[in-house]
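**Student:** For reference, the chains in residue letters:
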Amino acid sequence: MNFAAIRVIYRAEMQRAINTLFQTLASPVISTSLYFVVFGSAIGSRIQTIDGVSYGLFIVPGLTMLTILTQSISNASFGIYFPKFSGTIYEVLSAPLSFFEALIGYVGAAATKSFVIGVVILLTASLFVDLQIEHPIWMLTFLVLTCVSFSLFGFIIGLWADSFEKLQIVPILVITPLVFLGGSFYSINMLPPFWQTVSLFNPVVYLVSGFRWSFFEVSDVNVWTSLTMILIFLGVCLAVVSWMFKTGYKLKE
Amino acid sequence: MDNIISINDLAKVYDNGFEALKTINLDIERGEILALLGPNGAGKTTLISTIAGIVSPSSGTILVDGHDNVRDYRSARKLIGLVPQELTIGAFETVWNTVSFTRGLFGQKKDPEYITQLLKDLSLYDKKDNQLRMLSGGMKRRVLIAKALSHAPRILFLDEPTAGVDVELRKDMWRIVNKLRESGVTVILTTHYIEEAEEIADRIAVINHGEILLVEDKTELMQKLGKKQLIVEFKEPQFSLPDSLKDYSLDIDDKGLVLTYTYDATADATGITRLLQSLGEAGMSLKDVRTTQSSLEDIFVDLVHSDGIAANEQPKEKSA
Ligand SMILES: Nc1ncnc2c1ncn2[C@@H]1O[C@H](COP(=O)(O)OP(=O)(O)O)[C@@H](O)[C@H]1O
Ligand SMILES: [Mg+2]
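Residue numbers (the working numbering), protein chains in the order written: chain D, 1 to 253; chain W, 254 to 573.
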């Protein structure tokens, strides 16, 4: 293993976030606060409790998921897309370094950033609502697994994209709808039966449900089902990445 | 012979079907400076990118100090440093960080003293905390050289190192290359300037259309430069030459008007006197007599011509 290489990639990627620390943290903090002001207080006060949880509290896990999904994907996809676009990737390609070592550096850094952002959002949320975490270990497990698998997913998008449009199209056309329709702001039990069934095909439903369960012990689907689904998603991403590695996909001529 | 790089039947077909390298066989000697000389599009960048592992070969093998550069890529790549043709460099990192980054990528422990010395050698030390985007083009190229040397490679590739480079950097570059050679580093540079190959290389490999046309010691090529031609123009067409000239290597053009005699100008007896005497004795009246000396450029253009290259691709321009 070329640990020195993993370390410098990780560090360079983290440095990018640190250089722009204000944007990195301010944007999630501000948007979370806005959601709380609008949904938690203004509208939430007129919405009845869901499964015995006040609306302001109910949206915390979904809101956190919404942000870390988008952040993981945009961080990781940009992290690998940019060197590819600017040509500086030649260095990584010519170094005595395996694809997986590079992957650990890039995805590890993106996942770390998302994790930090996730924690910051939860801290911000706790200023607005009285946040209790029933199952901290489960909560951390879901948080870490989501950060890692969606950073991996972002890495795949960054490798696949050969234009800025493609880089942005997946987050906009796929992720945002999935997240909004994934029960971040409501329980899918509130939907008509047909749409409940459709929702079960949305992977984000399982993430949000499991994550929410770790806070309040209320969930749309069983927590083990949630865990299984996210592990399957992680497995699929790993399989795709391995295939990309074997074929040198879009990295090497 | 001690080869540090050995390329066997290497071919590269790009995804679009373009055959950029056709059966390349080339041995590079340990410690030499080899110039890969060829016009734009010849395949120079493709060749060195393939050796460095940035481009995958379609067939053939490359051994770097005995290590197969695909199967044993870690051992092979550790030995190599590459300065790319384009100024591909980040924007927001500092000089110090980007050079340290490359060193780390190559699996080497931090060594601030080595990096400090390297930056000083390249007149970059006072810029070490500057962001890359603040640097001029020449400075960026220096940074690329520093990055390539950050892990103390045994083989250095310089892809068109002097394209758009000022005189000072050019001098610095040759100074560094010589210093590297003294310490046993093998240097391979690509260029389409003949003067550059002449100035610095030990051996010259001429490449065009993905084929190596010639690999020769520079001094041997220089001896070819020593070859002169005597050109005699006749007033009347001549198709038969006097028997006394049988042992000369002579060429007459189709119209019988121009006779070309190739000889070694460094030899004691050039045979010019006897040639001209014989022509006079045979009653041939001469219109003009002149000599030409073939330059490396002529040799190169000849090679490239016989390879069927378009005239506008000939590397005629001189370096600034
Ligand atoms: N990625 C690529 N895909 C297809 N053709 C390429 C690619 N890169 C280079 N070529 C072609 O291969 C030939 C050799 O290119 P290159 O190695 O860059 O030449 P040089 O460095 O000698 O100028 C050129 O005709 C170029 O157009
Ligand atoms: Mg080139």
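Misleading hints may appear alongside valid ones.
Unchecked claim - With a straight-line Cα cutoff of 35 Å, these simulated DSBU-like cross-link-like pairs (lysine-lysine) come out:
1) W:K393 to D:K84
2) W:K432 to W:K499
3) W:K393 to W:K471
4) D:K84 to W:K508
5) W:K508 to D:K252
6) W:K471 to W:K363
7) D:K252 to W:K381
Source of the hints: derived by calculation from the structure; they are not laboratory data.
**Student:** All hints, please: hold or fail.
**Tutor:** Results of checking the hints against the structure:
no.: 1; hint: W:K393 to D:K84; in the structure: holds, 19 Å
no.: 2; hint: W:K432 to W:K499; in the structure: violated, 52 Å
no.: 3; hint: W:K393 to W:K471; in the structure: holds, 31 Å
no.: 4; hint: D:K84 to W:K508; in the structure: violated, 59 Å
no.: 5; hint: W:K508 to D:K252; in the structure: violated, 55 Å
no.: 6; hint: W:K471 to W:K363; in the structure: violated, 39 Å
no.: 7; hint: D:K252 to W:K381; in the structure: holds, 32 Å
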